[in-house]
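In case you want the letters, here they are:
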Amino acid sequence: MADDKDVWVFSEKPALQAELIAGAQQLTSHTGGQVMAVVLGARSQAEQALEQGAQRVLWLGELPSGRLVEDIVPTLAASVQDKRPFGVIIGATIRGRAVAGRLAARLGVAALADVLEFQWDDSALLARHMVFGGGAVRIDRPLAGPVIATTGQGIFEAGALQARPKGEIEPLSWVEPPWQAAVIERRSRAVSSVNLSAAKRVVCPGRGVARQEDLGLIEELAQALSAEMACTRPLAEGLGWLPRERYIGISGAMIKPDLYLGVGVSGQAQHTIGMSESRVVVAINKDRAAPLMTQSDYAVEGDLYQVVPALIRALKARKAK
Amino acid sequence: MKIVVCAKLAPDASDIEVRSDGSISLERAEWRIGSFDLQAIEAAVRLRDAHGGSVTALSVGPQRINHSKLRKDLLSRGPDELVLVAEDALNGADTAVTAQVLAAAVRKIGAVDLVLTGEGSADLYFQQVGLQLGELLAVPVFNAVSKIEVSDSQVRIERSLEEETEVLELPLPAVLAVTTDIHTPRLPNMKEILLAAKKPVYEWSLADLGLENTPEPRVEAVSLRAPRPVERKRILIEGSPEEAAQSLAGYLVKEGVV
Ligand SMILES: Cc1cc2nc3c(=O)[nH]c(=O)nc-3n(C[C@H](O)[C@H](O)[C@H](O)COP(=O)(O)OP(=O)(O)OC[C@H]3O[C@@H](n4cnc5c(N)ncnc54)[C@H](O)[C@@H]3O)c2cc1C
Ligand SMILES: Nc1ncnc2c1ncn2[C@@H]1O[C@H](COP(=O)(O)O)[C@@H](O)[C@H]1O
Numbered sequence: 001m002a003d004d005k006d007v008w009v010f011s012e013k014p015a016l017q018a019e020l021i022a023g024a025q026q027l028t029s030h031t032g033g034q035v036m037a038v039v040l041g042a043r044s045q046a047e048q049a050l051e052q053g054a055q056r057v058l059w060l061g062e063l064p065s066g067r068l069v070e071d072i073v074p075t076l077a078a079s080v081q082d083k084r085p086f087g088v089i090i091g092a093t094i095r096g097r098a099v100a101g102r103l104a105a106r107l108g109v110a111a112l113a114d115v116l117e118f119q120w121d122d123s124a125l126l127a128r129h130m131v132f133g134g135g136a137v138r139i140d141r142p143l144a145g146p147v148i149a150t151t152g153q154g155i156f157e158a159g160a161l162q163a164r165p166k167g168e169i170e171p172l173s174w175v176e177p178p179w180q181a182a183v184i185e186r187r188s189r190a191v192s193s194v195n196l197s198a199a200k201r202v203v204c205p206g207r208g209v210a211r212q213e214d215l216g217l218i219e220e221l222a223q224a225l226s227a228e229m230a231c232t233r234p235l236a237e238g239l240g241w242l243p244r245e246r247y248i249g250i251s252g253a254m255i256k257p258d259l260y261l262g263v264g265v266s267g268q269a270q271h272t273i274g275m276s277e278s279r280v281v282v283a284i285n286k287d288r289a290a291p292l293m294t295q296s297d298y299a300v301e302g303d304l305y306q307v308v309p310a311l312i313r314a315l316k317a318r319k320a321k
Numbered sequence: 322m323k324i325v326v327c328a329k330l331a332p333d334a335s336d337i338e339v340r341s342d343g344s345i346s347l348e349r350a351e352w353r354i355g356s357f358d359l360q361a362i363e364a365a366v367r368l369r370d371a372h373g374g375s376v377t378a379l380s381v382g383p384q385r386i387n388h389s390k391l392r393k394d395l396l397s398r399g400p401d402e403l404v405l406v407a408e409d410a411l412n413g414a415d416t417a418v419t420a421q422v423l424a425a426a427v428r429k430i431g432a433v434d435l436v437l438t439g440e441g442s443a444d445l446y447f448q449q450v451g452l453q454l455g456e457l458l459a460v461p462v463f464n465a466v467s468k469i470e471v472s473d474s475q476v477r478i479e480r481s482l483e484e485e486t487e488v489l490e491l492p493l494p495a496v497l498a499v500t501t502d503i504h505t506p507r508l509p510n511m512k513e514i515l516l517a518a519k520k521p522v523y524e525w526s527l528a529d530l531g532l533e534n535t536p537e538p539r540v541e542a543v544s545l546r547a548p549r550p551v552e553r554k555r556i557l558i559e560g561s562p563e564e565a566a567q568s569l570a571g572y573l574v575k576e577g578v579v
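Order-wise, the sequence lines are chains A and B.
Here the first sequence is numbered in my numbering, starting from 1 and rising by one per residue.
Here the second sequence is numbered in my numbering, starting from 322 and rising by one per residue.
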């Protein structure tokens, strides 16, 4: 039996993989094992994982056409059983959640979902995450290994890229899945992908914005602030005005920018949990009793349709000076 | 077509009481159907209405989920029958235990073509149980399903991923976790509410499922507390839009964020 010390990471998103490697390093500093990345992609992506700090890469090669990332589950399960790592941290994208849940079931454990922080209690691992839609913080202790955990973007800070990485790339072979879905079609929805967690300033419209075309006004404000556009969940899901990757909160992105400006956002816990660590929080809302207004540094009471144009003018005037 | 829809009954998060030491109490919280499970129920009922067959609602948890109001609420939303596995040994069950009990119940229901779950449960929202359940049943399983079309023994689904929509075809039986925007859940009408009282409710014990011992927990919750509030300046800016905008712009400059 191996030592159960290594920590593996897996994400189909290279940027998230870098963050997971940083998270895995926190664990191996206790377990004494190596950080290993499981890579499903081109050889360049495997090399990238080494640059990102992985000590070893288990490389599956590129995804065969007509296959899904999720088809990796039987391969991962077999390798975990064979090589016995301490655990696997998986990027909490939709596909990542599917991989984690199915892998956990195969291995007879429960995945620790959406971990915000790992802690150690003597030699026992603890994981902090949110429950009750952000209304409570729960600390869980896995009772059986291997530890399967998911973490989203913005939880761990990726380290600097290593210029001359030393790690090895070890090929891994596919285990055929017992069933397969036929891919009929893929339609891309987002025009450009966005890394909200890297943004220094974020402007976030909420349901206070009455019509989709009014988002132009909020975008203008974002430009005046050189900020990235985010949104609350209902604008992305349900209304579909903005891509899902732009919404902030427990089920969306977690951000810690220098400035968060919520426009017509009520500030329910499910949302604020994703931005509460921002350095400066500003809210514009016509209701001074809205939860976000009482949890902000600067709370502007007023109609966004009047305040936002005035703010754009004020910012532009300052820039012109 | 025989459909099972899994719905979790859990304490309502808005009823959480925070004690002065930061610990929380759920004692006075009302238990409800998870708001994201209502969409799964709606999707199941619409598929049955379009293709015939039946919908069995399935919920597992502690004894208090076996409550007449909850039973009626579930059944008035359209399912034909309800299966409850209500034992206190399942209080606070982790996702692995829950998935194992659900899998045993689906097997006992038998000849199931499709299992639907919500996007996530109201209390944990780990978005895990459906995926674990599918894997335990060894059938195709997908999350983020925003459209379902059934034909013969096949199902065509749309998945709303972060940046793309994916259309897949899979054989039945399958387990699908639906999104919150798949359908708007209906409000039960008077007729449905009256009908609900007459629909069958099956109360199964773990022993009935062949689970003589409660499946062993894999995760233990060591603490549950209110999130620590972040200190904010809480400066309220009022006045005309122009005044407020000028004042805010000034603060933003002072903070060094513009
Ligand atoms: C399990 C769970 C998970 C969830 N996850 C997330 C998540 O990850 N992210 C998320 O964002 N939400 C999430 N939600 C939803 C969340 O609970 C709230 O419903 C949502 O955040 C509210 O969005 P909002 O603030 O845009 O809208 P609302 O709550 O409707 O608030 C609109 C605000 O705009 C103000 N307003 C209206 N008109 C104007 C005007 N003309 N000028 C100025 N102000 C105006 C109103 O006073 C109000 O405060 C989740 C919910 C659940 C149950
Ligand atoms: N105790 C339960 N009884 C029935 N269904 C459940 C239970 N727990 C979870 N589910 C289903 O699994 C989904 C995901 O749950 P979770 O992984 O807890 O977020 C929920 O939306 C429900 O459809």
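Any given hint could turn out to be false.
[What the hints assert, rightly or not] Computed footprint of chain B on chain A, listed as stretches where at least three residues anywhere in the stretch have a Cβ under 8 Å from a Cβ of chain B:
1) 14-28
2) 274-284
[What the hints assert, rightly or not] Each computed DSBU-like pair below joins lysine-lysine, with the alpha-carbon atoms no more than 30 Å apart:
3) A:K200 <-> A:K83
4) A:K13 <-> B:K468
5) B:K575 <-> A:K319
6) B:K554 <-> A:K256
7) A:K321 <-> B:K468
8) A:K13 <-> A:K321
9) B:K554 <-> A:K200
10) A:K13 <-> A:K83
11) A:K13 <-> A:K286
Just so you know, these hints were derived from the structure itself, not from any lab.
Since the model is a prediction, treat every value here as computed from it, not as a measurement.
Cβ atoms here follow ideal geometry from the backbone N, Cα and C, with glycine treated the same way.
Results of checking the hints against the structure:
no.	hint	in the structure
1	14-28	violated (count 0)
2	274-284	holds (count 6)
3	A:K200 <-> A:K83	41 Å, violated
4	A:K13 <-> B:K468	25 Å, holds
5	B:K575 <-> A:K319	14 Å, holds
6	B:K554 <-> A:K256	17 Å, holds
7	A:K321 <-> B:K468	53 Å, violated
8	A:K13 <-> A:K321	42 Å, violated
9	B:K554 <-> A:K200	20 Å, holds
10	A:K13 <-> A:K83	24 Å, holds
11	A:K13 <-> A:K286	39 Å, violated
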